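Number of protein chains: 2
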Amino acid sequence: MEKVNQLKAHLSDIIHLRYATSVLGWDQQTMMPPGGASARAEQLATLSKLAHQMFVADETGKLLQDAAAETADADYDSDAAAMVRVVQHDFDLATRVPTDLVEELARTTSHAHEIWAKAREAADFAAFAPTLEKIIDLKRQEAEALGYEDRIYDALLDQYEPNMKTADVERLFNELREELVPFVAQIFDNLDAVDTAPIKQNFDTEKQKAFGLKVIEQLGYDMKRGRQDPAVHPFTTSFSINDVRITTRYQEDWLPASLFGSIHEAGHAFYELGSDQSLEGTWLAGGTSLGVHESQSRMWENIVGRSRGFWKVFYPDLQAHYPQQLGSVSLEAFYKAINMVYRSLVRVEADEVTYNLHIMLRFELENDLLEGKVAVKDLRDAWNDKMQSYLGITPPDDGKNGVLQDVHWSSGLMGYFPTYSLGNFLSVQYWDKALQDVPSIPAEIEKGNFEPLMTWLVENIHVYGRKYWPAELTERVTGEAIQVRSFMRYLKDKYTDVYGL
Amino acid sequence: MEKVNQLKAHLSDIIHLRYATSVLGWDQQTMMPPGGASARAEQLATLSKLAHQMFVADETGKLLQDAAAETADADYDSDAAAMVRVVQHDFDLATRVPTDLVEELARTTSHAHEIWAKAREAADFAAFAPTLEKIIDLKRQEAEALGYEDRIYDALLDQYEPNMKTADVERLFNELREELVPFVAQIFDNLDAVDTAPIKQNFDTEKQKAFGLKVIEQLGYDMKRGRQDPAVHPFTTSFSINDVRITTRYQEDWLPASLFGSIHEAGHAFYELGSDQSLEGTWLAGGTSLGVHESQSRMWENIVGRSRGFWKVFYPDLQAHYPQQLGSVSLEAFYKAINMVYRSLVRVEADEVTYNLHIMLRFELENDLLEGKVAVKDLRDAWNDKMQSYLGITPPDDGKNGVLQDVHWSSGLMGYFPTYSLGNFLSVQYWDKALQDVPSIPAEIEKGNFEPLMTWLVENIHVYGRKYWPAELTERVTGEAIQVRSFMRYLKDKYTDVYGL
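Chains as they are written, first to last, in my numbering: chain A, 290 to 790; chain B, 290 to 790.
Keep in mind that the hints were calculated from the coordinates and are not lab data. Incorrect hints may appear among the rest.
It does not matter which identical chain is meant; a pair holds if it fits inside one copy or across any two.
As the list claims (entries may be wrong) - In silico BS3-like pairs for lysine-lysine, Cα to Cα no more than 27 Å straight-line: (1) Lys423 / Lys338; (2) Lys292 / Lys338; (3) Lys513 / Lys407; (4) Lys351 / Lys338; (5) Lys783 / Lys601; (6) Lys489 / Lys423; (7) Lys498 / Lys513; (8) Lys292 / Lys722; (9) Lys498 / Lys601; (10) Lys489 / Lys722; (11) Lys407 / Lys292; (12) Lys662 / Lys625; (13) Lys625 / Lys498; (14) Lys625 / Lys736; (15) Lys498 / Lys675; (16) Lys601 / Lys736; (17) Lys781 / Lys675; (18) Lys498 / Lys407; (19) Lys351 / Lys662; (20) Lys736 / Lys292; (21) Lys407 / Lys689.
Keep in mind that this is a model prediction, so the values were computed, not measured.
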């Protein structure tokens, strides 16, 4: 496979540049003193530009063509064939958009960030509207350049969830809406059934840190191949499949922030760390899509981390860390508190039950904006109407509680939101299949042994890196396509019990 | 200055790549989990390669030629003229050595590091000798490619101390040897005059950290433009002139390691942080040579940090940190202990008085090796003979106490050592001039006010970045060339008092 190896060698410099960009980004958000900010922005811009230039170069196209010819008859499951098709997909995405448009998008969104931050602070949607209008116009141009068959949104969605179609997401959300909206209303009528006081006390952050580290290490996070640091916005980042770092945020008056945040990010990290070692430094290392990535983080955070079995293991230790706060709170009361449902106006604070309603709202509005069905000037009203219809609440402001709350649109990230929900749906599908294959998983978790679950995830999902498209992977793993049924059943079972419905 | 601006723009990507390389190097030595090591080495190699390729490209040569023509009549002191001459110097160094040789040097020294580390551990010089022979052969080829008029060593020295000649260093060392060797012997006869016990107790490292940070912040290290982290080998690194980070090493049983290590690195950082803001992101930011850099670190570490006036300010606080260890140790006893002289076999542990003898030895041996006057097989004996002659001691082994102790030769760093001594000589020359200009400096230091010294250093040295060659800078600042006289006078005054000679 001479041509494939030439392509690999050519890509390896680009991969190193991208990893270097990630190191600079990680440092920027965890370690960098404020004085470094302005130079760092320039360094990041240069590294991204060079990596992009090297990737879209004619040489890549030629090498890719040769490698494609060489692998034309290769086994679909071979690393060589997989690499060629994934690189081809990324190459098409990267080369179809004219450089002028790429640069205008970068300039506009970089400028937009500050305008958005100020508008959000002032809860003044009108101050951000003209910028959003420009971004949507540019995203439309980008989608046209990328190309699509059915819906304009397809082109954008494909960047985050390769091969997923808007119509499929719509179908999933329609099904979800029908069942979830009335179920949420039912829970909202019974909110008193769960006492949330236990997790709203004062929790020393040093102890949160110590306890959180202990938990993720026991789950399987290896400190020889990663580290955890505080950051304002928690994230996971990779510099190799053997150096995957996570960050978390500590809130003294809100225990779940760091606790479940750490488990969530560790879930992302497990996926990256689980790529087969032969994929190190190749285009196939990492995760296949944002949706599959989110399935891993949400499985560890919610299905595992917010289960009774999990807390049978860890609760005595947490109580020992906080005897005053939790000494007299029963395991059952604690379990219910960490699974509380509430009328949140803010997506990032939303519970497991209502979270997907927030996503659905954004997906619908993004489509309506791109297709011209909702004008930017009417976006705020459309947002508030949907909040009322799905969650029964109307935002008191357009800032952090309303239409301006998310950073995504100001960054030009449209088509990204649905991957959160796809991840939630997939998390239950994969979990169900893991239990079917290894029925002892829940019992082992109750003994503090997470290895059977981790082994199943590594062997069935992680090890493949980007070799299979998300839909292929799900079909291979579960024998069926992504669906909402399993997720809704999981929610209903769990929350009917938690809220005694 | 259109052409100068074009050159500047072309260089800016290279500068960003170099800073990115530094970020990756810093992370490697301070934060990186072991799993990241192998990928990190590849990333660093790629970034260095790309930066080198972009710098030696024909485009740089053309832009440089045009910029040189444009600045032919420009004021010598202008930033434009300075940039052109500094870039020209670096471009010549980078382009004269054939790529094949650059790569063979990189390969050989990368391989040599492990061989050296094992040989050092086993104190087995013969195990490293063949590798050293190869390195010396390659360094000879490199020097020939770089070119020189008088001595082969000139070509290598110029990489670290631009325009400095071997014959000048030799002249300085001859003068030093004559005065210093008998003075050291005199001190060695009176070692009992200083009790070293106070600094050899057990010092909690958390308190060392807290106290050390307090000290460097009071000296002027701004945590908004830098940070300090632990590292095995302390160093200073820049990612911008507004993000200059230092590292230090804590030894529980040896207080000076972190204390004076921190002050030393802060001294380097002050130089980098002091570049005029207009030099940010340009080829002129940073320090003009390793020697001038070392003059700054050694001034803060030794002349300031090991002075009576300095400890009048900080000693009560240090005693408060360690009441049990230092509560009954007088300021005078502490002052003498931190200025103790001893028969050290190891350069990095050597005191201020004997340090330059270690450097002189290495400088002489490097010249003899390159000029074929000493064969590698005889290096160990030559080393031991000189140790006996300069310091009156013979290493008991060839490993960490002998000829294999330093990492430099295995890394191909020849011509680097003398810059340590040049820095020591310059530190006193600059200090003398500062006091002549601002006589209140010592009195202000005794009051804990380091601003007058810092201001003088910034205005006379730091602000220029790389605009002037080291010899020019010294001439501008002090009105004379580098000399040994001031340094010897400083040593004699100080140590005649400390040892009551």
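Here's how the hints hold up against the structure:
1. Lys423 / Lys338: Close inside one copy (23 Å), not across copies (39 Å); limit 27 Å.
2. Lys292 / Lys338: both (26 Å within a copy, 23 Å between copies)
3. Lys513 / Lys407: between (41 Å within a copy, 24 Å between copies)
4. Lys351 / Lys338: both (21 Å within a copy, 23 Å between copies)
5. Lys783 / Lys601: Within one copy only: 17 Å inside, 68 Å across.
6. Lys489 / Lys423: This pair counts as neither: shortest intra-copy Cα distance 42 Å, inter-copy 67 Å.
7. Lys498 / Lys513: Answer is both: 18 Å inside a copy and 25 Å across each meet the 27 Å cutoff.
8. Lys292 / Lys722: neither (39 Å within a copy, 65 Å between copies)
9. Lys498 / Lys601: within (20 Å within a copy, 40 Å between copies)
10. Lys489 / Lys722: Classified as neither: same-chain Cα gap 35 Å, cross-chain 63 Å, threshold 27 Å.
11. Lys407 / Lys292: Neither: 51 Å inside a chain and 40 Å across chains, both beyond 27 Å.
12. Lys662 / Lys625: The answer is neither: 42 Å in one copy and 82 Å across copies each exceed 27 Å.
13. Lys625 / Lys498: Only inside one copy: Lys625 and Lys498 sit 23 Å apart there, 43 Å across copies, limit 27 Å.
14. Lys625 / Lys736: Intra 21 Å, inter 61 Å, cutoff 27 Å: intra-copy only.
15. Lys498 / Lys675: neither (38 Å within a copy, 54 Å between copies)
16. Lys601 / Lys736: within (8 Å within a copy, 60 Å between copies)
17. Lys781 / Lys675: For Lys781 and Lys675, the Cα distance is within 27 Å only inside one copy (23 Å; across copies 83 Å).
18. Lys498 / Lys407: neither (32 Å within a copy, 39 Å between copies)
19. Lys351 / Lys662: neither (42 Å within a copy, 55 Å between copies)
20. Lys736 / Lys292: neither (50 Å within a copy, 71 Å between copies)
21. Lys407 / Lys689: Within one copy, since 11 Å is at most 27 Å while 59 Å is not.
Comparing the model with each numbered hint stated earlier shows that hints 6, 8, 10, 11, 12, 15, 18, 19 and 20 do not hold.
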